[in-house]
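K.L.:
Residue strings, one per chain:
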Amino acid sequence: MSDSADTGIKMVMAYIRPDKLGDVKQALAEAGAPSLTVTNVSGRGSQPAKKGQWRGEEYTVDLHQKVKIECVVADIPAADVVDAIQEGANTGEPGDGKIFTLPVESAHQIRTGTTGPDAV
Amino acid sequence: MVTPLQLDPTTVANGVNNVWVLTITFLIFFMQPGFALLESGQVRAKNVGNVLMKNMSDWFLGTLVYFVVGAGVVGVVGGLTSGGGIAGAFAHISDPNAWIGWLFGAVFAMTAATIVSGAVAERMNFDAYVLFTIVMTAIIYPVVVGFTWGGGLLSAGGFIGSALGAGYLDFAGATVVHMCGGIAGLVAAKLVGARKGRYDANGNSQPIPGHSMLLAVLGTFILAFGWYGFNVGTQATVLAVGDDGSLTFMGAALGRVALVTTLGMSAGGAMAMLTSARYQGKPDPLWTANGLLAGLVAVTGAVPHVTWWGGALLGGLGGFLVLPAFRFTVDTLKVDDVCGVFAVHGVAGAVGTALIPIFAVGGFAVNQFALQVVGVAVIALWTVVASAIVLYVIDAAVGLRVTEEEETEGLDEGEHGVSVYPEFVPNERRESTVATDGGELRTDGGERRTDDGAALDDPVGGDTGVNSDE
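Read top to bottom, the protein sequences are chains X and E. Take the first sequence: its position 54, counted from the start at 1, is 54 in this note's numbering, and no numbers get skipped. Take the second sequence: its position 443, counted from the start at 1, is 443 in this note's numbering, and no numbers get skipped.
Simulated from the structure, these hints should not be mistaken for lab results. Among the clues, some could well be false.
Claimed, not checked - Mimicking PhoX-like on lysine-lysine, the simulated pairs with C-alpha atoms at most 25 Å apart in a straight line are: (1) X:50 x X:20; (2) E:196 x X:51; (3) X:51 x X:20; (4) E:46 x E:196; (5) E:282 x X:51; (6) X:51 x E:46; (7) X:98 x E:46; (8) X:98 x X:51; (9) X:51 x E:334; (10) X:98 x X:68; (11) E:196 x E:334.
Looking at chain X on its own, in the form it has when it is part of the complex:
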């Protein structure tokens, strides 16, 4: 079997501020990688915890609402996608998020049955 990296397919997975999703979508479209999947998620990183109030009692909110973006590319360099997300999601404040790039072992388009980079 070939090594998974040989497919040349990458998944760029990013966690961003919900209000930066529009900017990121725009930047991805300009970079030529408009296809993406988004999910509402909660998580914590460098952003400080917030205080919540319920009936005069304080509680800690240390999981912040974020949007997770998954963007799988074959023809476009993953680095370009990362740059586009970085550009769209940056505010300079703690809590802007993280971007990870992962190798993808295979791709398969459900409608046509196409496999490999063409399926992306």
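Please build the complex by placing chain E on the supplied structure of chain X, with the hints as guidance.
P.N.:
For chain E alone, kept in the frame of chain X given last:
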């Protein structure tokens, strides 16, 4: 000369007044969805169905019980505590002309009953709650009405009222309905016990945030809308017939109750907003919503009796007291009153009604003030004692609380077998030969375990093909 088209003024007045009473009765009924939303928003998503079931049972069981038993108990208690007769106590059952009046009374009874559910949310056994709501509408609330509006103990002709030379003033039920419900809720919340996790090992309260501020505030507005029926509608006479047959429109009386109701709720909301901003640093929507309701409760007994500025002060006082009264309930009394019904309905009702003579349009009267204080105390004492006895009996019979496991899982699943916010519901039915419900299929590739968590000897991991270990 009598002309064929001449109208009898009494018939006209009766027609108009009864249509008005029916209309506001339907408005008061609309407070029920208000309570359902208000309470649902303040509990966690796993208990919303149980809150809804309680609110519905209050209404449909309460009306049945109040027709057959409760309304008659009002007459019995009213007669026995004033030296009057009790022969006609249950006459409403066979008198069609009494049925509009009965329904008008019934919507107040169901308001008192439904207040309790907000205090005991998220841990009370549903059977126990249903039994309590039946006794509440059959006896506990009707006795209070008998003492007051029913012409009994506290009214001008009752034993205490005639001794003090006054009649107890509670126009639309700030104490008769709201304080009675609020105190019954406090007693029930105390006896059921706090929700799991509400207090830490040191006895300090831990917040359990509700799942939707939106529902709570929307419910508050719906309640306030229905409240216009509650207060303004209790001015049931729109057209009055004079001795000479002349008709008088009671515009000033209606105007006063409508205005004081509005100013009371507004002052209550404003004061609670300011208090919460002072206490928490920011104006809080839930406190503000509670304060608006407390303002309404505070003026409910007072609306026709007080000046407009007196009503605003009473409402403001009710709104101001919500936060400290709730903290006192939770931190000092250690009672887990989930929706703050004692602060909103109990404290505001007591204070607003006791202080009516201070702001009375007709001036201050000492004996009236004394009766107001005594009346509040009598109603409170009766409600505490009666609720406690009933709850002890119910506890012995069916138990007041759900199990700890059920509380953790949620009462929607445990008491009713439902999920109010389901996810991943199958959208088609199919015949399947593969168990997808966890029967033999183990998607985690783990070992089969017995109910108590101990691993069995024959691990089945790998059967499902998802085990990727080399």
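K.L.:
Tell me the hint numbers this structure goes against, listed in increasing order.
P.N.:
7
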